[in-house]
Amino acid sequence: MSDLSILLLDTEPQTHNRYLVLAIADALRRHPAVGRVQVGGHGDALVTFVEQGLDTLIAFGGARAHAPLVGRLAGLARTSVLWTTEDPYEREA
Numbered sequence: 001m002s003d004l005s006i007l008l009l010d011t012e013p014q015t016h017n018r019y020l021v022l023a024i025a026d027a028l029r030r031h032p033a034v035g036r037v038q039v040g041g042h043g044d045a046l047v048t049f050v051e052q053g054l055d056t057l058i059a060f061g062g063a064r065a066h067a068p069l070v071g072r073l074a075g076l077a078r079t080s081v082l083w084t085t086e087d088p089y090e091r092e093a
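My numbering applies: residue 1 is where the sequence shown begins, and numbers increase by one.
Honestly, the hints are just simulated from the structure, not real lab data.
Yeah, the Cβ is synthetic: ideal placement off N, Cα and C, and Gly gets one too.
Distance windows between CB atoms, simulated:
no. : residue 1 : residue 2 : range
1   : R72       : R36       : 15 to 23 Å
2   : P32       : P68       : 27 to 35 Å
3   : A67       : P32       : 29 to 37 Å
Please model the entire structure based on the sequences and the hints provided.
Right under this line is the structure:
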């Protein structure tokens, strides 16, 4: 298996839980199957994905307001993952 090149994107740009994404990025960087990890921002995620030649998207969270961006990135990715967390305030949604 070739080294994965990953874009990690928090689906909520105004989150107070950024430390979770940074911890995930740190863990991914230490995994032997991962060659590169870029933590993307909403303003530069598409450009970063294409220009860096990344092949995998991990979208962390479940902010539906930014679903179009996540969808476009997933369409470019060889592999895409949506990692959602249980948020008791979003149970109705």
